[in-house]
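Colleague: Sequence:
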Amino acid sequence: MATSQRVYKDRIRATQTLKKVFRAMELIAAARVGRAREAAQAADPFTQVLIRAVAAVAAHAHLSHPLITGREDTRRVAVLAITSDRGFAGAYSATVLRETERLLERLEQEGKEPVLYVTGRRGESYFRFRGRDVRAAWTEGSDNPSAERAREIADTLLAAYEAPEEDGGVAELHVVFTRFVSMVSQVPQVRRMLPLEVVEGVTAPGADPLPLYEFEPSPEEVLDALLPMYVRRRIYAQLLMAAASELAARQQAMHTATDNAEDLIRDYTRLANQARQADITSEITEIVSGADALASSR
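Counting with this note's numbering, you get residues 2 to 299 for the letters of the sequence shown.
Some hints could be false.
[Claimed, not checked] Quick list of simulated restraints, FRET-style, between CB atoms:
| hint | residue 1 | residue 2 | range |
| --- | --- | --- | --- |
| 1 | Gly142 | Gly35 | 15 to 23 angstroms |
| 2 | Ser65 | Val22 | 52 to 60 angstroms |
| 3 | Val188 | Gln110 | 23 to 31 angstroms |
| 4 | Gly132 | Ser219 | 27 to 35 angstroms |
| 5 | Ser65 | Glu114 | 24 to 32 angstroms |
| 6 | Arg277 | Asp134 | 53 to 61 angstroms |
| 7 | Arg277 | Leu28 | 33 to 41 angstroms |
| 8 | Glu263 | Glu114 | 46 to 54 angstroms |
| 9 | Met230 | Gln17 | 50 to 58 angstroms |
| 10 | Asp134 | Arg180 | 26 to 34 angstroms |
Source of the hints: derived by calculation from the structure; they are not laboratory data.
For glycine and all other residues, C-beta sits at the position ideal for the given N, C-alpha and C.
With these hints in hand, go ahead and build the complete structure from the sequences.
Modeller: See below:
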């Protein structure tokens with residue numbers, strides 16, 4: 002076999018192996034994205050009820066709670082970036098990191114001092130490679146987050162928010178994550194969680210007004226119990242949304258990679274056939290030339 006034919010045959014075999022890997026990863030992502038999407042959608046009603054409960058307490062109790070009013074003793078703000086542990090998911094993590102960089106730049110222009118918290122190895126390696134100080138990072142399980150992991154992250158951020166200024170306390174908490182819209186659409190989101198911004202709890206025009214409430218044992222104690230639960234639940238819901246987005250992005254990326262591998266195999270097959278025909282033509286030419294030379298010598 003001529004050298005060019007051998008090269009193309011080797012490339013075809015290597016690309017076929019890659020195609021099988023891409024196809025397997027696409028099927029795995031497709032099998033898991035349904036469950037991830039259902040988990041994210043199942044968590045949403047409870048999260049919405051919790052948001053309305055917090056909004057009702059905040060609206061009716063008129064309290065001066067630090068998680069609502071904020072703090073003025075520090076310029077530090079916490080930024081949580083939710084990325085993936087693994088690649089092969091298209092621009093999923095790159096989009097979150099780009100939005101995080103924009104948020105960090107905006108906060109720094111406002112005179113604030115961002116403090117980074119990251120979930121996912123992609124985000125952690127990205128910021129550490131660029132010399133950014135990452136105060137805390139959580140890796141493993143980005144495509145299958147647990148309630149325990151969400152609670153750990155929320156408690157760490159709440160502890161930073163409630164810590165004194167000299168112990169590294171922060172005045173705000175921002176989260177950058179990806180919201181799952183559909184299998185082909187995942188949108189990066191930037192949310193300020195603390196001090197509390199209750200946008201979803203506002204009564205829509207034409208809707209029934211919020212009822213009057215009587216808080217037991219007191220509005221302060223109700224709010225003290227609800228706000229940490231609110232932060233934990235919002236972070237868990239955002240982790241679930243990010244997981245569904247990551248798996249959908251990976252399925253799409255692997256589907257595209259499989260199609261590209263098929264195109265490459267077709268191109269290499271065509272080139273191998275052309276090389277084979279060229280080799281045959283060359284061999285026939287050499288035979289005819291040899292026969293002519295032999296006939297001329299007689």
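Colleague: Now tell me, hint by hint, if it's right for this structure.
Modeller: Hints, verified against the model:
1. Separation of Gly142 from Gly35 is about 18 angstroms and conforms to the stated range, judged on CB atoms against 15 to 23 angstroms.
2. One distance hint, 52 to 60 angstroms for the beta-carbon pair Ser65 and Val22, holds here, with the actual separation near 58 angstroms.
3. Evaluation of the 23 to 31 angstroms hint for Val188 and Gln110 yields a pass: the beta carbon distance comes to about 24 angstroms.
4. The hint said 27 to 35 angstroms for the Cβ distance between Gly132 and Ser219, and at roughly 48 angstroms that hint is violated.
5. Separated by about 25 angstroms at the C-beta atoms, Ser65 and Glu114 satisfy the suggested range of 24 to 32 angstroms.
6. Checked against the given bound of 53 to 61 angstroms, the beta carbons of Arg277 and Asp134, roughly 59 angstroms apart, stay inside it.
7. A beta carbon spacing of about 34 angstroms between Arg277 and Leu28 agrees with the range 33 to 41 angstroms that was offered as a hint.
8. For Glu263 and Glu114, the Cβ-Cβ distance of about 51 angstroms falls inside the hinted range of 46 to 54 angstroms, so the restraint holds.
9. Taking the beta carbon of each, Met230 and Gln17 are about 52 angstroms apart, inside 50 to 58 angstroms as hinted.
10. Taken as a hint, the range 26 to 34 angstroms holds for the pair Asp134 and Arg180, whose Cβ atoms sit roughly 28 angstroms apart.
In the structure shown, a violation is registered for the earlier hint numbered 4 alone.
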